[in-house]
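Student: One-letter residues, chain by chain:
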Amino acid sequence: MPAETHVEQNPIGRDEIVALVKDRLAEILEIEPTGIKEGDAFAEDLDADSLALIELVEGIEEELAERSVGFRIEDEDLEDLRTVRDAVDYVVAKLG
Amino acid sequence: MLPIAVDAMGGDHAPGEIVAGARRAAEELGVPVVLVGRSAELGDTGALPVIEASEVIAMDAEPGSSVRRMKDSSLVRAAEAVRDGQASAMVSAGNTGATMASALLRMGRIKGINRPAIATPIPVPGSTPTTLLDAGANAECKPDWLVEFARMGAVYARDRFGIQRPRVGLLSIGEEAGKGSPFVKECFAALSDPAWAAASDSEWIGNVEGRDVMTDEVDVIVTDGFTGNVTLKTLEGAMRALIGRLLVAIDTDDDTRAAGAALAPALDTMVAELHPDSVGGALLLGVKGVCVISHGSSSADAMVNAIRVAAEMVEVNMVDHLTAAAID
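Note that the protein sequences, when read in sequence, are chains A and B.
Just so it is clear: in the first sequence, position 22 is 22 by my numbering, and no numbers are missing.
Just so it is clear: in the second sequence, position 240 is 240 by my numbering, and no numbers are missing.
Chain A extracted, bound-state conformation:
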C-alpha cells in the first residue's frame, strides 16, 4: 500500500478499549465513566436498554473504523453482550 495512503497504527491495548467503552457508555447514559465497572451489567446495573446498547456499538465502530478497517460488531452477537466486560472482551477478540 502506498506510504501516503497507509499509516501504521499502534495495536489497541485492552486498557484503551476499556476506556473507550466506558467513555462512550458514560456519554450515552450521562453518568461519570469512573462510576462504571467492568462487571456492571448493562440492563441490571446501568439501566442501559437495547437502544443505548446500539448507540454504544455504533460509537465503538465509529471510533475503531479508522484504526481497524471494516471493524464491525455483528448484530447477532449483541444479545450476548450483557456486561461491560463482555463488550470489552468481544472487541479485543475481534481486533485479534
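Incorrect hints may appear among the rest.
[Unchecked claim] Computed cross-link-like contacts, BS3-like style, restricted to lysine-lysine with a CA-CA straight-line distance of at most 27 Å:
(1) B:Lys71 to B:Lys111
(2) B:Lys142 to B:Lys185
(3) A:Lys37 to B:Lys111
(4) B:Lys111 to B:Lys179
(5) B:Lys179 to B:Lys233
(6) B:Lys71 to A:Lys94
(7) A:Lys37 to B:Lys142
(8) B:Lys288 to B:Lys111
(9) B:Lys142 to B:Lys233
[To be verified] Quick list of simulated restraints, FRET-style, between CB atoms:
(10) A:Asp47 to B:Ala259: 54 to 62 Å
(11) B:Ala264 to A:Glu27: 34 to 42 Å
(12) B:Ser127 to A:Asp89: 53 to 61 Å
[Claimed, not checked] In silico contact screen, one side only, chain A against chain B (beta carbon under 7 Å); selected entries:
(13) Ile54
(14) Glu58
(15) Asp75
By construction, these hints were calculated from the structure, which means they are not laboratory data.
Every residue gets a Cβ at the ideal spot worked out from N, C-alpha and C, and that includes glycine.
Given the coordinates of chain A, assemble chain B onto it according to the supplied hints.
Tutor: Positioned in the frame of chain A, the structure of chain B alone reads:
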C-alpha cells in the same frame, strides 16, 4: 433555509402521496425540499432534488437493527442529511421506531436529555392544541425523564403555538396529588420541584385526567410513552367513531339530510380541526435536529402540513431552545 429532507419511501401511500405533498409544499409554501429515496421509483418529482437511497425500512421492521443493517435506507440518509448540514430538518411517514432510531443514532441526542420523546398536538376545539408527550417513543420511563419531557414540551408549546407560559400537567387517574400508580406518584414528586418550571418559564399545575386532554385547562401533558400512545390512539378512535355516527345520523331521512346540508360548512370546519392530517405530524423532541414524524397513512395534505411544521420549527430555532432548556 436548507431544504427539508423528506423520506419519500416511508408510509402507506409512499412514494406517490409523499412526492405529491413535497411538491405542493415547495410550490405553495415556498419551502425548499429534498426528497430522499429511490429516484427511479419516485415518478415525476418536478424540480425537487433527490438524495439517492437504495434501501427502505419496512413499516413493521425492528427499528434498531434495521437502522444498523440498512445504512443506505431513506430514513438513515434523511437523518444524515440533517447531521451533515445538507438539510435543516427531516420528515417521514415511515416506521416510527426506525425514524426515532435514525434521528437518535445519526443526529445525536441533545445533552441533558436521556431519551427523546414524541410530542403530539391534540386538537382542542376553539383553542390551541394540547401537547402530549411522550406519545410512544419510550414505553417505560423513569420519573426524571418526565421532568425532561416537561421542559421540552414547554419549549414546543411556546415555539409552535405561541403559548408564553405553558401550563404543564401529569396524566393521572385523579387530580389529587396522591392519585396514580407508584410510578406516577414518583413522577409527581419529581415534577413538583419548582426548579424546572422556573427555568422553562412554565407553570406546573399538577395531575390532569384523560378528560382534560382536549380542553383548554392544560397546555402540555406529560406521561410515559405507553400511556401516551394509548391515549392518542383512544382519542383518534373515539373521534372517528363519533364523526362516523354523526354522519349516519345525518343520513337518517330527508329532514336530517337537509339539516346536514345546512350544517355542512360548520361541520367541515370542525372535521378539519379534528382531522389528523391537519395537525402537521408529531415532533421528536430531544435530538439535535428537527424531526417530524407524520402518520403512517399520511396523504399529500398531511405531508404539506408536516413539511410546513418542520420549516416553522427550523425558523424559530426550536432545537436551540430545547438545548438551552435541557441544560438549564
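Student: Is it true that the CA of Lys142 (chain B) sits at most 27 Å from the CA of Lys185 (chain B)?
Tutor: holds, 12 Å
Student: Taking the Cβ atom of Ala264 (chain B) and the Cβ atom of Glu27 (chain A), is their distance within the range 34 to 42 Å?
Tutor: violated, 57 Å
Student: With respect to the beta-carbon atoms only, verify the hint that Ser127 (chain B) and Asp89 (chain A) lie 53 to 61 Å apart.
Tutor: Since the Cβ atoms of Ser127 (chain B) and Asp89 (chain A) sit about 58 Å apart, the hinted range of 53 to 61 Å holds.
Student: Taking 27 Å as the top limit, are the C-alpha atoms of Lys179 (chain B) and Lys233 (chain B) close enough?
Tutor: Since the Cα atoms of Lys179 (chain B) and Lys233 (chain B) sit roughly 23 Å apart, the hinted pair holds (cutoff 27 Å).
Student: Report holds or violated for the interface hint on Ile54 (chain A), using the least CB-CB distance to chain B and a cut-off of 7 Å.
Tutor: Holds, about 5 Å.
Student: For the pair supplied as a hint, Lys37 (chain A) and Lys142 (chain B), confirm whether the alpha-carbon distance does not exceed 27 Å.
Tutor: holds, 23 Å
Student: Would you say the C-beta atoms of Asp47 (chain A) and Ala259 (chain B) sit inside 54 to 62 Å of each other?
Tutor: holds, 58 Å
Student: Are Lys71 (chain B) and Lys111 (chain B) close enough, with their CA atoms no more than 27 Å apart?
Tutor: holds, 25 Å
Student: Is it true that the CA of Lys111 (chain B) sits at most 27 Å from the CA of Lys179 (chain B)?
Tutor: The given pair, whose Cα atoms are some 32 Å apart, is violated under the 27 Å limit.
Student: Has the given pair, Lys142 (chain B) with Lys233 (chain B), been kept, meaning a C-alpha gap of at most 27 Å?
Tutor: holds, 23 Å
Student: Given the proposed pairing of Lys288 (chain B) with Lys111 (chain B), does the C-alpha separation stay at or below 27 Å?
Tutor: OK: Lys288 (chain B) and Lys111 (chain B) at ~9 Å, within 27 Å.
Student: Would you check whether Asp75 (chain A) satisfies its interface hint, that is, whether its CB is within less than 7 Å of any CB in chain B?
Tutor: holds, 5 Å
Of the numbered hints listed earlier, those contradicted by the structure are 4, 11.
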